[in-house]
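These protein sequence lines map, in sequence, to chains A and B. With the working numbering as the guide, the letters of the first sequence map in order to residues 1 to 321. With the working numbering as the guide, the letters of the second sequence map in order to residues 1001 to 1365.
Hints were generated in silico from the structure; no laboratory data involved. Just so it is clear, the structure is predicted and the values come from calculations on it, not from any experiment. Some hints could be false.
Straight-line distance between alpha carbons at most 20 angstroms, and here's what the computed SDA-like set of lysine to any residue pairs gives [what the hints assert, rightly or not]:
#, chain 1, residue 1, chain 2, residue 2
1, B, Lys1275, A, Glu45
2, A, Lys313, B, Leu1349
3, A, Lys174, B, Thr1074
4, B, Lys1275, A, Gly42
5, B, Lys1275, A, Met139
6, B, Lys1350, A, Tyr300
7, A, Lys313, B, Lys1275
8, A, Lys248, A, Asp203
9, A, Lys174, B, Asn1365
10, A, Lys174, B, Gly1070
11, A, Lys313, B, Gly1364
12, A, Lys313, B, Glu1355
13, A, Lys222, B, Gly1070
What follows is a list of derived Cβ distance ranges for each label pair [what the hints assert, rightly or not]:
#, chain 1, residue 1, chain 2, residue 2, range
14, A, Gly68, B, Tyr1344, 30 to 36 angstroms
15, B, Glu1351, A, Pro56, 41 to 47 angstroms
16, B, Ala1225, A, Gly68, 54 to 60 angstroms
17, B, Lys1192, A, Glu189, 53 to 59 angstroms
18, A, Gly251, B, Gly1070, 52 to 58 angstroms
19, A, Ile94, B, Ser1251, 55 to 61 angstroms
20, A, Arg272, B, Trp1362, 31 to 37 angstroms
21, B, Trp1362, A, Ala271, 28 to 34 angstroms
22, B, Pro1278, A, Gly193, 44 to 50 angstroms
23, A, Arg317, B, Tyr1344, 27 to 33 angstroms
We put the CB at the ideal spot given by N, CA and C, even for glycine.
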Amino acid sequence: MMANMVTALNNALEQIMKENEKAVLLGEDIGTDGGVFRVTDGLIEKFGEKRVIDTPLAESGIIGTSIGMALSGMHPIPEIQFAGFMFLGFAQLINHATRYRTRTRSAMSVPMVVRTPVSGGVRTLEHHSESPEAYYSHMGGLIVVEPSNPYDAKGLLIKASRMNDPIIFLEPTKLYRLFKQEIPEGMYEVPIGKANILREGEDLTIITYGTMVHVVNSVVEKKGLNAEVIDLRTINPLDEATIISSAKKTGRVAIVHEASLSFGVGAEIAARIADKAIFELKAPIIRVGSASLPYPFPGYENYYVPNEIKIAKALDRLMSS
Amino acid sequence: MRVLNWIVVDLEKEVFSAKINYLTVINEEGVADESLFPKNLSPEKIVDMYKIMLLARALDAKVLSLQRQGRAVTYAPLLGEEATQIGSAMAMGDHDIFVPAFRQHGVFLARGMPMSTMFIYWRGFEEGDIMPKEVKGTPIIVPVATQLPHAAGIAFAQLYNNTGAAVVVYVGDGGTSEGDFYEAINFAGVWKVPLVIIVENNQWAISQPRSRQTAAETLAQKAIAAGIGAVQVDGNDVAAVYSETRKAIESKKPMLIECITYRMGLHTTSDDPTKYRPDSELEAWKKKDPILRIRKYLENKNLWNEAMENEISEKHSAFIDQAVEEAERFKPDPRSIYEHVYSYMPDVLKEELAEAEANNFWQGN
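With the rest of the complex left out, here is chain A (with noise of 0.2 angstroms):
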């Protein structure tokens, strides 16, 4: 079937919902409205109101009542709606998704998949364009997923609806229905922790995920380069053996994502590069990320974002130096 990224992820949650009578939907507007990206459309109609929950409007009571249902053998997949307002729920997140499993030596655990829109682009109010893949990644104990197109993401959730852990699932707002890509009507599984390697290259490595996958492999093709582009797919745990290896075999090594720069991902990449590959590489390991500042009003964010014009000036010094 042909499918954008909101109805990939539709067809999905049908499918998983479908599979594990424990699986609920819960969020703000995700029944009737069915969400205000219509990723839930038609759902509540097919599975009633006990299973796709319209909530009161509380990011903290969403993912706070999440982990409780999770606790109590359901599988729940709680929709924030925008990631900037996900941080009235961080606490849950930070201080209790993370540690039900360690602190319980696995005797517990909290199987729950956190959707929510992320990343800017698309000229929406304040706190609607959040990066926040880092923040989530850094506590250790939430698995963070981010596909970059409609094929992934609908292998990534179900991947993630059969895990027993709590999973962060980052959809970019901008790419929900940027373009069709044809995936199969049955259920599949994109593996999580593993990274997909777009295209093969010789001379260079680019690692990104998410919206920065478009914009790089736009450059790439503009400039004819033969590189090797990642697209992570899951931010956290990394697959620092793809990541490791592909630096090694090209010696040039570009990261790039929409987050600002400074304590970003990239910086994790970076320093796990340098530890495991420094003398193999020609050239300093190069990072590309949104300015290090609070994402901006829309009237600003194509100041903020990195575009192609950046991109392309930062793989003219990789393969310069």
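Following the hints, complete the assembly by docking chain B onto the known chain A.
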């Protein structure tokens, strides 16, 4: 009463009970109950309030049309909520402070916010948050209910600094489900700060009706649990909203006012209410339109007529067009996003800015 052996123990007695009053001053026919009419609300002032309500509605229509043309960002219309916003804002003294959520454009207008600045916000620039000191407010807050603890803190500072000012904070019906709402009203009660919480109950939190937010019969009663005063008013009656807000401000005590109103339009321009809201409900509320009601009242009192209505309508439309023009002359400076992050410019940001400028990262924007 239970009997334990031969001792009779009175185990059950009422330790607390409460009630919530509801106030309407001007009814849907535009007839006022004179005994309830606020003494401090002069004919001149109520005409002023009506004019600002008209201006707010005209502004609302303008931003919607600009948004549809791609000249404004996502917008949360205020249509139908003019009495709640303007009645409460006009009850504030010049030194009182307001803390809005994201729909209170009428409050900004009533407080004297330059309209061109508001349009700069709707063009999507932070410079639209810069307000003259005398407006005495904080900028729009988008994540729901998170402004309430700020308001309690601002109110605490008024006591601490002995300013005599009160704080008026706005939250929607959905916002009363958030933890920050409960924490803020609780702090306000413990600290006994001069904070007025206006719950702008427009019946819908995007697709969720008020009945799905809480099992409580009123939102006002939540304040009872925090030990602060509470009242419910007809939020489409500007005199009732004014009256209760004024009383609360003068009391210098924390008070919650639930204004029963209706979101006649969209949640935001990204929303389609036909998906979840019956048309019949909107039709019923149109009869309770806050602007119709006050107009009837003013006409009954010979304070207003058709000629005045036409004159003000032309004046407002010219005023709004001028504000749009002024806002469209604003030229964004991308350096501004780097320059105001800290009290000084750290080297990291200086470098990032220099790199962007030297390499023309912004070309084509």
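Hints breached by this structure: Hints 5, 7, 13, 14, 16, 18, 19 not satisfied by this model.
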